[in-house]
Amino acid sequence: MTLLAGFSHPWRDAQYAFRRILKAMSEPGVVVSLNHDSGWGGLSPSATAVVLTLMDRETPLWLDPALSQEALLTNLRFHTGVKLVEREAAAFALLPVSRELSLDGFAAGDEMAPENSVTLVLEVPALGGGRALRLTGPGIAEARMIAPQLPASVQDYLEQRPHPFPAGLDFIFTCGGTLMALPRTTHVEVC
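Take the position in the sequence shown, starting the count at 1, then add 2; the result is the number in my numbering.
For the record, the hints were derived by calculation from the structure and aren't laboratory data. Virtual Cβ for every residue (Gly too), placed ideally from N, Cα, C. Hints may be right or wrong, so weigh each one.
[To be verified] List time: in silico EDC-like cross-link candidates among lysine to aspartate or glutamate, alpha-carbon distance up to 20 Å:
id	residue 1	residue 2
1	K85	E117
2	K85	D112
3	K85	E72
4	K85	E60
5	K25	D15
6	K25	E117
7	K85	D58
8	K25	E113
[Unchecked claim] Derived Cβ-Cβ restraints for the label pairs, each shown as a range:
id	residue 1	residue 2	range
9	L5	D158	37 to 45 Å
10	P168	L5	22 to 30 Å
11	H189	V33	18 to 26 Å
Go ahead and model the full structure; you've got the sequences and the hints to work with.
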């Protein structure tokens, strides 16, 4: 069993990471840095910081099979006590970098309970250099341009938004020590 480090200063680092994640969620498309040096298993430092900050023993998590490595599972259990569930029951999902994935089966909430949707924490190769997207909506004064390198299924989902508002999936894109968020309230157009 290999235990890897969590936060160096748990309370201070978790508060800092929470504020940075909150900034990313409330200002869609803004890239934020997290003060975390190492990742667990196949997770980047920023994805690991998201796990340490937002997940605990009451958090239902779906883990992509590609990430189901003993080192990651051991650290998830030790540091967070998170419950691993099927994708339909997940509040969060951890997805690896550069993998074509299906978004089918994840909870999108509904008009009476949109908060019952999943937040997908998706590793991406880069937060720039991809297809240009124009964002509008809450937390964006006029418009914001982004170009993360996304799998085709995620790109299609963001363009088509198959779930009627206010339902939908929330995304946190992680890369290295940085992240960007796109909540379900953000309107996305391809440029």
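### Task
Could you tell me which of the hints above the structure violates, numbers in ascending order?
Hints 2, 8, 10 contradicted; others consistent.
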